[in-house]
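Peer 1: Between the sequences and the hints, there should be enough to build the whole structure, so can you do that?
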Amino acid sequence: EAEVAQSPRYKITEKSQAVAFWCDPISGHATLYWYRQILGQGPELLVQFQDESVVDDSQLPKDRFSAERLKGVDSTLKIQPAELGDSAMYLCATRPTGWGRWYFNEQFFGPGTRLTVL
Amino acid sequence: GENVEQHPSTLSVQEGDSAVIKCTYSDSASNYFPWYKQELGKGPQLIIDIRSNVGEKKDQRIAVTLNKTAKHFSLHITETQPEDSAVYFCAGKSNAGGTSYGKLTFGQGTILTVHP
Chain G
1 EAEVAQSPRY KITEKSQAVA FWCDPISGHA TLYWYRQILG QGPELLVQFQ
51 DESVVDDSQL PKDRFSAERL KGVDSTLKIQ PAELGDSAMY LCATRPTGWG
101 RWYFNEQFFG PGTRLTVL
Chain Y
1001 GENVEQHPST LSVQEGDSAV IKCTYSDSAS NYFPWYKQEL GKGPQLIIDI
1051 RSNVGEKKDQ RIAVTLNKTA KHFSLHITET QPEDSAVYFC AGKSNAGGTS
1101 YGKLTFGQGT ILTVHP
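Protein chains in written order, with the working numbering: chain G, 1 to 118; chain Y, 1001 to 1116.
One or more of the hints may lead you astray.
Capping the alpha-carbon separation at 30 Å, the derived lysine-lysine pairs in DSS-like fashion look like this [said to hold, decoys possible]:
hint, chain 1, residue 1, chain 2, residue 2
1, G, K11, Y, K1058
2, G, K62, G, K15
3, Y, K1042, Y, K1057
4, Y, K1058, Y, K1037
5, G, K11, G, K78
6, G, K62, Y, K1042
7, Y, K1042, G, K11
8, Y, K1022, Y, K1057
9, Y, K1068, Y, K1058
10, Y, K1058, G, K15
11, Y, K1037, G, K78
12, G, K78, Y, K1042
13, G, K71, Y, K1042
14, G, K62, G, K11
15, G, K78, G, K15
16, Y, K1022, Y, K1071
Derived by calculation from the structure, the hints in this document are not laboratory data. All values reported here derive from a predicted model rather than from experimental measurement.
Peer 2: The following block contains the structure:
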């Protein structure tokens, strides 16, 4: 069964350092999401891509966070500089292409990257 | 934007009992409501979902009910088993248009513990 891949699974860094997370979506999934999940809370959307274009980055702290999906396939989320409050699980999710069909609603999540900022 | 509230935050049951988790949403334009199960160290996994034109959906021991008028939906797990222990999240998908279109808003999560 196809899965969303993320790496690294765990990352420990010191504040003010730069970190990057990578996501490889399920083949053919044009929509890609990055979520941040603080311990004890639900995932919160950071950025949404449709192919290589950003369609929603309203919740992305753009002074320190950036995201790209250059070829419309895999994606990278970067934080520079990292702050203590960035410690969280960063989840990537993807959704099949298409509209108007029930199946296309489901988002498939990767295992996440657990970030700890010291 | 959409706001999803989930209750209770923790739920403890005995094996074989039923468990019910409830969510309310604010955006009347939302039309899709999934439930995700998240085990320790893993990403959320969809367990059941429902569209706004359906009042109830069942899949073996799991069922979801939706009351559009009251803007609330519930997850029902019957004959609970220890392997059902996990964090459960509800979510609503906004159809409000603009940058909110297709966006999932999650509840705060419910930690379900099933005691053998």
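Peer 1: Take the hints in turn and mark each one as holding or not.
Peer 2: We went through each hint and held it up to the structure:
no. : hint              : in the structure
1   : K11/G x K1058/Y   : 39 Å, violated
2   : K62/G x K15/G     : 17 Å, holds
3   : K1042/Y x K1057/Y : 26 Å, holds
4   : K1058/Y x K1037/Y : 16 Å, holds
5   : K11/G x K78/G     : 12 Å, holds
6   : K62/G x K1042/Y   : 27 Å, holds
7   : K1042/Y x K11/G   : 15 Å, holds
8   : K1022/Y x K1057/Y : 15 Å, holds
9   : K1068/Y x K1058/Y : 18 Å, holds
10  : K1058/Y x K15/G   : 47 Å, violated
11  : K1037/Y x K78/G   : 27 Å, holds
12  : K78/G x K1042/Y   : 21 Å, holds
13  : K71/G x K1042/Y   : 27 Å, holds
14  : K62/G x K11/G     : 21 Å, holds
15  : K78/G x K15/G     : 14 Å, holds
16  : K1022/Y x K1071/Y : 11 Å, holds
Checked against the numbered hints above, the structure breaks hints 1, 10 and satisfies the rest.
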